[in-house]
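Chains as they are written, first to last, in this note's numbering: chain Z, 15 to 640; chain V, 322 to 571; chain Y, 1301 to 1534.
Hint data in this document are derived by calculation from the structure and do not stem from the laboratory.
Bear in mind the structure is a predicted one, so any value in this text is a computation, not a measurement.
One or more of the hints may lead you astray.
[Stated by the list, open to error] FRET-style restraints, in silico, Cβ to Cβ:
(1) Y/LEU1360 to Z/LEU238: 30 to 38 angstroms
(2) V/GLU530 to Z/PHE369: 45 to 53 angstroms
(3) V/ASP351 to Y/VAL1386: 29 to 37 angstroms
[Said to hold, decoys possible] Far from chain Z, by Cβ distances over 12 angstroms, these chain V residues were calculated:
(4) GLU436
(5) THR460
(6) SER478
(7) ALA548
From the three backbone atoms N, C-alpha and C, an ideal C-beta is built for every residue, glycine too.
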Amino acid sequence: MNRVKTFKTILWAITGLAVAFGAARMIFGLGAVSNLSDATPWGIWKGLNVVPGIALAAGGFVVTAVIYIMRREEFHRYAKITVLLAFLGYITAATALVAELGLPWMVWHPIIYWQHHSALFEVSWCVMLYLTVLFLEFLPTPLESTGSLAAIRRFLTKYKLVLVFLGVMISTLHQSSLGTMFLITPDKLHGLWYSSLLPILFFVSAVAVGPLMLILAVLTISALYRKPIETDILAKLAGASAIVLGLFGLIRLIDLAANGKLGLAFDGSGSAVVFLIEFTIGVLLPVAILSVKRLRRSQAGLWVAAIAGVMGIGLHRANIAGIQLVHTGPTYVPTIYEIGISLGIISAAILAFLFCVERFRMWETPWEDPRQAPEAAPEFDRVADVWLGTPRIAGRTVYSLVFIVALAAGLAIVSTDRIESSGIKEVRAVPARGGDTLFVDGNLDGYGVSFAHKAHVDREGGNASCSRCHHMSLPHDQQSGCATCHSGMYTAADVFRHDWHAGPDGGNLTCNMCHATDRERSAESAKTCDECHKDLIPTNAQITVKQYMAPSYTDAMHGVCIQCHEQKAQQLAGKESLARCATCHGQRQTEYLPAGVYEQFRDTSFNRVITPPMATGGQSDGKDAE
Amino acid sequence: MKAILTDVTKCIGCFECVTACKTSHNLSNDVPRKWHRNDGLSAQNWSSIVQRPDNHYVRKQCRHCLEPACVSVCPVAALITTNTGAIIYDPDKCIGCRYCMIACPFGIPRYDWEEPVPYIRKCDFCHDRTTRGLQPACTEACPNGATIFGERDELLSEAHRRIAAEPDKYLDTVFGEHEMGGTAVLYISDIDLGFLSYPARRETPALPETTHLAMSAVPPTFIGMGALMGGLYWFCKRRDALAGKDKDKS
Amino acid sequence: MEALLDFAKGPLFRFSFAVMILGLVRIVVLDIWGAVNAYRRAGDKKLDWNGAIRNTLHWLFPVKHVFARRPVYSLLSIFFHIGLIVVPIFLLAHIQLWKAGIGLSWWSLPPVWADTLTLATIGFALALLIGRMGSAGARYLSRKQDYLWPVMLIIPFITGYFCANVVLGAGTYQLLMLIHILSGELILLLLPFSKIAHCVLMPMSQFVVALAWKFPARVDDEICTTLHKKGAPV
């Protein structure tokens, strides 16, 4: 396996994973696969693929303007590659946007529903138009090699200049409007990034980083396919880029100084450190390298400067689109699915890029590529003991295999657990504490209910009334607490321990003691609890148990109290308030427990096993079944 | 222009408004989910009560700004201001970009994260009730008159009247009178309500104005860039032609 | 044990099922792709479509060709294939799992039929295996996987039958169930990469054979000579 093949194999694997994750995102929804939240509505897709991605694709208009408008013929050799890079860059951003939209099939709505005050409306229109322009600019290249549709190719080549003009005009608008989008967040965006000059900063940084991205792509292709590098021409492009990058840095510094926010950069906070890193690698490092002629003309210098510039400006955009956008609420850390989709979109774009580079004439002077020579030898796979055919066929075989295995692995990883994808926090309910007055607070947040247990018992008629609420107890027990079975604070809990009943502690029951042999074994077709545990459900219990799942603690508590309370509120004069939440749920109180108990209970991970109490003498339990 | 005035000192925290809101909008039961913020609002709770120290209960709901950031940023006009001042949402237009959630200075709009077909959820000022001449479900349900419904100017003068009557009891501000360009949901309170918004800003211009200049510069920029590029093209072509002539001569 | 069972029923099943489906799609696509390329290169574009379709049908319903000559073998083979396909797909227990998982359900075999067919399939597989080992000609043609596959295919049938019909202790039941699931998943995983792939490639093979007639022997050498590149591999 050569370099290119290894590289492509990895990319295919990531793409396969992303396809699986993308399918999960479409089927189960955003909440199931992402960590996006009401506090962080935009995540890695916006902060990595869309906002920085659009900047990195800016070479499409910058370099074409240099070639066709400023008529710098020496860069003409990069005309096709820069258009391709921009085209794929915009497709990447658009795909990520589709993944991120809640209703992706409505993505065309800005065409018919106009709202010209919105920067996003403007951006979406421009991106749609510019994608069309880029497509038309790119179209002649593939047509060239097929030889068909020559009329279209000639027409598009003839009016190339019109497309270039449109490209520059549209790009100027949406590159800057992307910055305008974040003008609306003066209170949320950190002071080091918020500026009324954001549109200008976005435009200038895009102009600076577009050519750097092109240089990076050219260097990568050269490294992968051993294509000779024209360092002197790249150096000219890089030099111009450095000037714009310097301008960007200057505007930022002057703007910060003018608004008196420069001090924020040195206050030692996390944001300040991020700012310093961003400014150093994004502006200072590339400008410093590229201003030295010898470094600018060296491969290493170009590599470092291009990577630093791309990363730095990318980080700048990511900071504005997410990292430094303050929200109160759950902290956002992207899930593996989000990262997978994000990288998968990029991988697919790189694959498409390499495909075009291998397939079409992207340079005016074709270089000798051993892979394209007709004599290329078939490869022999020692493991499978077969000839793989020509490299192209061999590649096809390997890539498709890697792709489907990765896709299947992705489908296997995706959690189909309903509770997990519904985002409900699984909290073990804490039993009520206290004596005559119980404090019922299953999640120990202090907003519980002081329940006058003794008063209720007295009012309802003493011990005979126990079974009104205590509708079921563990074997050998009379009054199991509510949280014993209703152990999930917000989720229903399985009270029937299958493995326990089948094990030695549960009597080594065989399957057919509960499951009929002629039917499929399932919870629905099995015996109910009270068929074996005759004493489990007390006589005259108001609540009957029909299933093996105990409703959540919250549901159980509300269910047992509210019904009665609402009745009484209607029956008794002057007791209307009984039906109100605040009658039971008062102010937060923590004093009923000794200090530190909250923390103690919060941290203890409760054993989820329901253990039957050893004391007390019940007569018989499940063993007398049959 | 309708409004809601909430008197924080009168609220007893009975949650009747929250329950009424849920009932009138057919919202299902809610449990804590990983994407919730801790203020009680969610896709199933469009109105909540934030408990503050010393028996203070503060209603939290959409503020229905007079110059709403969410309406100005929505790319498809799915959020609009009605003539009663309510900001309502059209799910048929929404594309799910969630820009409104980014833009809202009070952090109100919530999302149906668990749904494969999700929508923005927020208080709609009981638009269908108010158009039928009823008052919103929450103000109707309040047993203590802590939150009331009416014309905005009347409620404003009522708020100022209460503050003037008992200056020791209230802070000397009507929250929402000028905040973010003014909101339709007003508060008077004995505690500071800065926690209801992102870093509190008062008497500031409304958020849409921050993008207004940039957005109005869009058409001139488009034409200007075209003209600039045209000029540049002409200049470069001329330069090349002259250079070519020189070359021919020499 | 229950955790292991859950893993085998959940992620592992999704993985192997997806590999099976995608793998089968992959080989069909690659084969068609290769065949189309070969067809484009072929000099004589006239393909014997009717013959290929006729051959395919003949092999799908091998009544005429083989039945007359080797009736026992043919019958065994046909019923073995029917059992192999029908039982896993139309078993009530499997359908209930699909229903619980993704909500789809379809017609199911009556339990008695299912049991009978299961036992029959096990028997047929063993008979076929013995037949292969008994015949010298078949032995000569057989590869290792030809012996392994019948054995591997009947493992889930045997374990499945025991789980469904025999009264077992819970531990044994779970162990057998685990073997049942894992062996079934192994079959799914290997399916597209082994001779079992004939389940989708069967129709294609006749076309590939038909296509192959269009290339005379040593055609590659001739092409190379014409291109003045003698000795280069094609």
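**Message:** Taking the earlier hints as the rules, which of them does this structure contradict?
**Reply:** Checked against the structure, the hints that fail are numbers 1, 3, 4 and 7, while the rest are satisfied.
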